[in-house]
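A.B. asks: Modelling step: build the complete structure from the supplied sequences, incorporating the hints.
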Amino acid sequence: MTVETDASPAFAGYAHPERLVSTEWLAENLGAPGLVVVESDEDVLLYETGHIEGAVKIDWHTDLNDPLVRDYLDGAGFAKLLSAKGISRDDTVVIYGDKNNWWAAYALWVFSLFGHEDVRLLDGGRAKWEAEGRAYVTETTTRPATEYPVVERDDSKIRAYKDDVLAHLGLDETKRALVDVRSPEEYSGERTTAPAYPEEGTLRAGHIPSAQSVPWAKAVAEDGTFKKTDELDAIYRKGAGLKDGDSVIAYCRIGERSSHTWFVLTHLLGFEGVRNYDGSWTEWGSAVRVPIVKGTEPGAVPAT
Amino acid sequence: MSDPSLPPADLPPALGGIRDEFLALEQNERLMLLLEFANELPELPAEYADHPDLLERVEECQSPVFIFVEVRDDVVHLHATAPKEAPTTRGFASILVQGLAGLTAEQVLDVPDDYPLTLGLTEAVSPLRIRGMSALLGRTKRQVREKTAA
Chain C
1 MTVETDASPA FAGYAHPERL VSTEWLAENL GAPGLVVVES DEDVLLYETG
51 HIEGAVKIDW HTDLNDPLVR DYLDGAGFAK LLSAKGISRD DTVVIYGDKN
101 NWWAAYALWV FSLFGHEDVR LLDGGRAKWE AEGRAYVTET TTRPATEYPV
151 VERDDSKIRA YKDDVLAHLG LDETKRALVD VRSPEEYSGE RTTAPAYPEE
201 GTLRAGHIPS AQSVPWAKAV AEDGTFKKTD ELDAIYRKGA GLKDGDSVIA
251 YCRIGERSSH TWFVLTHLLG FEGVRNYDGS WTEWGSAVRV PIVKGTEPGA
301 VPAT
Chain R
305 MSDPSLPPAD LPPALGGIRD EFLALEQNER LMLLLEFANE LPELPAEYAD
355 HPDLLERVEE CQSPVFIFVE VRDDVVHLHA TAPKEAPTTR GFASILVQGL
405 AGLTAEQVLD VPDDYPLTLG LTEAVSPLRI RGMSALLGRT KRQVREKTAA
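Note that the protein sequences, when read in sequence, are chains C and R.
Using the working numbering, read the first sequence as starting at 1 and increasing by one per residue.
Using the working numbering, read the second sequence as starting at 305 and increasing by one per residue.
Be a bit skeptical, because a hint or two may be false.
What the hints assert, rightly or not - If we take Cβ atoms under 10 Å as the criterion, some of the chain R residues that face chain C in the derived model are:
| # | residue |
| --- | --- |
| 1 | Leu338 |
| 2 | Ala342 |
| 3 | Ser367 |
| 4 | Val379 |
| 5 | His381 |
| 6 | Thr385 |
| 7 | Lys388 |
| 8 | Ala390 |
| 9 | Pro391 |
| 10 | Leu421 |
| 11 | Thr422 |
| 12 | Arg433 |
Since the hints were made in silico from the structure, they are not lab data.
Keep in mind it's a predicted model, so treat the numbers as computed, not measured.
Virtual Cβ for every residue (Gly too), placed ideally from N, Cα, C.
C.D. replies: Here it is, written out as structure tokens:
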């Protein structure tokens, strides 16, 4: 059962306003049949310190990632997870989290790989909910188990593997775009890691040739909500030169901030066919014989 | 350094006790215990809170975590601070602050480096995050060595 969308005028300019809900809307609709709220954070214990009433926790490390192979869980695993969380295939799922909804966007992107139709983000995440003095509870939510169907993942539409990126570089340059959402220092190659994430270092530094540098945070306002369409257009269409019809791939280090940017490009700005390269720099920066550029310019794809 | 031909020494009582507490629980109860530890992390003594330059940043942790080790009369005192939005990291820091309390420098250096992996938390927290705790322990040991070097 799908819950009505948030018709807030704040979202009116977006290509797919039905992918966002406001804190007001969520507060009013908590407990509505067919609505499941999911919290997805960087810190695995944050949910336990307090969460939105009725929310269930889904952790990217322990729930969504395969423990052995660097990949996401398969259809059977996803069905088992969602059944245990009490989520049905036709439920409206609203995801929120810490860190400007990085991990919430990542979880939403993974839900999208499995074709869960109605999945939305809470604009502003935990930060906005707290800033507005809205309540958290500590009781763990238990929902009655459901029978979520086994649906195999479809990686073809919104996920790019390393070979897809290599093939992408072979496209006519007027028809392709690469967006690197990391910090300027990582883009230029000054650093192999972001300041707070030394675990995700690589053997080489720099960026994928032709990538535009658009650090992910440019898409959000001070309070963690997404900027409005005109500002986003200035950043991505004017600034980074993205055009409708381009084949676009976004990447960062492990694909969670680029899933945030994927959300912006796909659901807010309406670009079609945008893919998230989740291998991202932790793969590319240590891969043998892939082209790399250092410095502040996008650089050219080497002729093969 | 301990002689590898000798059987492993038992853990000091506090560290062993903490490990046993975790292992006695089911997976999700272990997370709650980690949260309790997080909530027990004491505030930094004023002299360190006012002197952030004395603190060492634990770079391996995803959230800002700072430690300072004092060695007084051969007894090690570990101080650590982490923001409230990082309860996992606070929990790790708190386990070490409590577990190492009252130990001598030698006892701290003898704590096995893989202690964080023996708490039964890797499934609930993930091996990548546990590395943050290993880093906390490693840097604590390094500060102990520096402060006891003749």
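A.B. asks: The hint names Ala390 of chain R as touching chain C; please verify it with the least Cβ-Cβ distance against 10 Å.
C.D. replies: holds (6 Å)
A.B. asks: Against chain C, with CB atoms and a cut of 10 Å, does the hint on His381 of chain R hold up?
C.D. replies: violated (26 Å)
A.B. asks: Double-check Thr385 of chain R for me: the hint is only fine if its C-beta lies closer than 10 Å to a C-beta in chain C.
C.D. replies: violated (16 Å)
A.B. asks: Can Val379 of chain R be said to touch chain C, with a Cβ gap under 10 Å?
C.D. replies: violated (30 Å)
A.B. asks: Answer holds if the nearest beta-carbon of chain C is closer than 10 Å to that of Arg433 of chain R; otherwise answer violated.
C.D. replies: This interface hint holds because 7 Å falls under the 10 Å limit.
A.B. asks: For the hint on Ala342 of chain R, does the least C-beta distance to chain C fall short of 10 Å?
C.D. replies: Holds - the Cβ of Ala342 of chain R comes within 10 Å of chain C, reaching about 7 Å at its closest.
A.B. asks: Can the hint on Thr422 of chain R be confirmed by a CB-to-CB distance to chain C that is less than 10 Å?
C.D. replies: Interface hint status for Thr422 of chain R: violated (19 Å vs cutoff 10 Å).
A.B. asks: Report holds or violated for the interface hint on Leu421 of chain R, using the least CB-CB distance to chain C and a cut-off of 10 Å.
C.D. replies: With Cβ-Cβ at 15 Å, over 10 Å, it is violated.
A.B. asks: Return the status of the interface hint for Ser367 of chain R: holds when the least beta-carbon distance to chain C is below 10 Å, violated otherwise.
C.D. replies: holds (7 Å)
A.B. asks: Under the criterion of a CB-CB separation shorter than 10 Å, is Pro391 of chain R in contact with chain C as hinted?
C.D. replies: With a minimum Cβ separation of about 4 Å from chain C (threshold 10 Å), the hint on Pro391 of chain R holds.
A.B. asks: Does Lys388 of chain R pass the interface check with chain C, least Cβ-Cβ distance below 10 Å?
C.D. replies: holds (8 Å)
A.B. asks: Verify the interface restraint on Leu338 of chain R: the C-beta must sit less than 10 Å from at least one C-beta of chain C.
C.D. replies: holds (6 Å)
Figure legend: structure checked against the earlier numbered hints; hints not met, in rising order: 4, 5, 6, 10 and 11.
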